[in-house]
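Based on these hints, arrange chain P on the given structure of chain B.
Residue numbers (this note's numbering), protein chains in the order written: chain B, 76 to 276; chain P, 1277 to 1432.
Heads up, some of the hints might be wrong.
[Said to hold, decoys possible] Derived list of chain P stretches under chain B, where covered just means 3 residues or more per stretch with a C-beta under 8 Å from a C-beta of chain B:
(1) 1288-1296
(2) 1374-1384
[As the list claims (entries may be wrong)] Result set (EDC-like, lysine to aspartate or glutamate): computed pairs, CA atoms no more than 16 Å apart in a straight line:
(3) B:Lys109 with B:Glu180
(4) B:Lys83 with P:Glu1398
(5) B:Lys83 with P:Asp1371
(6) P:Lys1386 with P:Glu1426
(7) P:Lys1428 with B:Asp80
(8) P:Lys1428 with B:Glu81
(9) B:Lys92 with P:Glu1288
(10) P:Lys1428 with B:Asp77
[Said to hold, decoys possible] Here are the in silico distance ranges between beta carbons for each label pair:
(11) P:Phe1325 with B:Ser175: 25 to 33 Å
(12) P:Val1418 with B:Arg248: 50 to 58 Å
(13) P:Arg1287 with B:Ile237: 42 to 50 Å
(14) B:Phe146 with P:Arg1326: 52 to 60 Å
(15) P:Ser1345 with B:Ser175: 21 to 29 Å
(16) P:Asp1371 with B:Glu255: 37 to 45 Å
(17) B:Asp94 with P:Met1377: 16 to 24 Å
If you're looking for bench data, these hints aren't it; they were derived computationally from the structure.
Built from N, CA and C at the ideal position, the CB exists for glycine as well.
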Amino acid sequence: MDRLDEMKQQMELLRGKLDKQEIISENLIRHVVKQKVHSLQREAAFKGGLSLISIPYCYWALTSVGISPLFTAVTVVFIAVALYYTWYAHRGLRAKEIASAPLCEVARRTARLRLFYARWLRFSIPFLFVWMAWFVWEIMSTVANESQRTGMLCGAAVGLVIGGALGVYSYRRTQRQAREIIGQIKDLGDDFEQNKDFLHE
Amino acid sequence: MTEQEFALMVREHKGTIYTVCHMFASDQDEVNDLFQETLINLWRGCDSFRGEAKLSSWIYRVTLNTCISADRKKKRTPTVPLEMDINLYDADDADSRQIQMLYKRVHRLKPFDRAIVLLWLEGLPYDEIGAITGISAKNVSVRLVRIREELKKMQD
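Same shape as in the complex, but just chain P:
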């Protein structure tokens, strides 16, 4: 993959990557750290991507692995802010409040459940969610039922 192709890929999937990073981070700095770390991991791994899985599935897998495995307390590296005029934490319009509610709900889930629910919210079928997270499609369905129950009990 050439750098131009990589840049194009990042531009196409920026929303997906950013959403996952946002849902796993606790502040804007952490989103930036995770986002940049994910991009570096994607860049490092793009040569080994053989096209056996869908490109979007591979991007999800790398992003989720980066977010789940990142121990932000131990490893906090200074980064240059992203060139992006958005802060989903501080905005106060109606849409942003809805997004903040989504963030609160997702963030209360355990990291693995968070990954599953994010993939489901992105509209991925059960078998693809299973392929990305390493569990069976049936297991995905069972987990989603539990997540649904958990969300029902949650107070906003």
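This is chain B alone, in the form it adopts within the complex:
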């Protein structure tokens, strides 16, 4: 028999052996997870940067039109709390550490991130309604000029719509990415299955 033909038979044996095997590359999953965590981090950094800029800007804008110091303080504190909360929610979820961290731990931290984002929404939406009503009242009582008042209210309404749309988009995106990270890790199987209770928190 020709050697190449003999090798073809040997190849069949090899293929038969490999077909019985289930191959899951943990490293590939880590790579994919790392990309997603990196994207979540980038988005959080952008939101953090925006919050940092908006603190002095809000303070300046609100005080310059004569809005009450209490309202200004509440607004600035809210942004500062949002900034801290974002940092806190992302704590322990760093793309650099994905290569070495146990994947179960990565999934746990991602699930924690999802939970924190959902909790924040429960607080921030009612707060923003109250804030908006308060803002309208503040404008009506402090700004005497009719056209300036209308302009500011329109500006606030437009800001609310755009901000709200971006917020919803960002929230859904973060939730989706977090869900995908957990899904990816879930594919690894048994080890995850034994430790997945935290996902139902």
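Chain P in isolation, oriented as in the chain B frame:
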């Protein structure tokens, strides 16, 4: 391509990818390195795969390129072992001995010839082997004749 589709693709072609990696590696760690590097390259490249070539041809091309171009001595990155209960180097049953013989024969060939012979052993037609390796079908046939001669001279 979604991650689920990619995972399905890898599961379907795992044997092919693993075989090529095995034939280019010199130990189990290197197989794992090559296999994982190939999967990462496939993942990176799957968005650019336009479906002009057959999916299996594209997978062969990426796997062979990864294996041929990997300079394992210079670039040895620590990796997490694959979840696979197989070691083709140390097993001692009759089938494994045959596979080890295949490995020895293929491994003695030059990397390019190794690629051609692997593709031929997978049952690909000459024109597809040529498309993957970048030579004409006629050239594939000539090379296979030479490889056949070389294998004949080889001592097991």
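Is it true that the CA of Lys1428 (chain P) sits at most 16 Å from the CA of Asp80 (chain B)?
holds (12 Å)
For the segment 1374-1384 of chain P, do three or more residues have a beta carbon lying closer than 8 Å to a beta carbon of chain B?
Our answer is that it holds, as 6 residues pass the Cβ test (under 8 Å) against chain B, meeting three.
May I ask you to test the hint 37 to 45 Å on the CB atoms belonging to Asp1371 (chain P) and Glu255 (chain B)?
holds (40 Å)
Range first: 21 to 29 Å. Now tell me if the beta carbons of Ser1345 (chain P) and Ser175 (chain B) are that far apart.
holds (27 Å)
Taking 16 Å as the top limit, are the C-alpha atoms of Lys1428 (chain P) and Glu81 (chain B) close enough?
Cα-Cα ~11 Å, so holds.
Given the hinted pair Lys83 (chain B) and Glu1398 (chain P), is their alpha-carbon gap at most 16 Å?
holds (8 Å)
Just to be careful, I want the Cα atoms of Lys1386 (chain P) and Glu1426 (chain P) compared with a cutoff of 16 Å; is the pair within it?
holds (11 Å)
So if I understand the rule, the pair passes when the alpha-carbon distance is 16 Å or less; does Lys83 (chain B) with Asp1371 (chain P) pass?
The given pair, whose Cα atoms are some 13 Å apart, holds under the 16 Å limit.
Between Phe1325 (chain P) and Ser175 (chain B), does the C-beta distance stay in 25 to 33 Å?
About 31 Å separates the Cβ atoms of Phe1325 (chain P) and Ser175 (chain B), which means 25 to 33 Å holds.
Can you confirm whether the C-alpha distance between Lys109 (chain B) and Glu180 (chain B) stays at or below 16 Å?
Given pair Lys109 (chain B), Glu180 (chain B) holds - Cα atoms ~13 Å apart, limit 16 Å.
Within 8 Å of chain B (C-beta), three or more residues of the segment 1288-1296 of chain P:
holds (count 4)
Given hint Asp77 (chain B) paired with Lys1428 (chain P) - CA-CA distance at most 16 Å:
With Cα atoms ~8 Å apart, Lys1428 (chain P) and Asp77 (chain B) stay inside 16 Å; holds.
Checked against the numbered hints above, the structure violates none of them.
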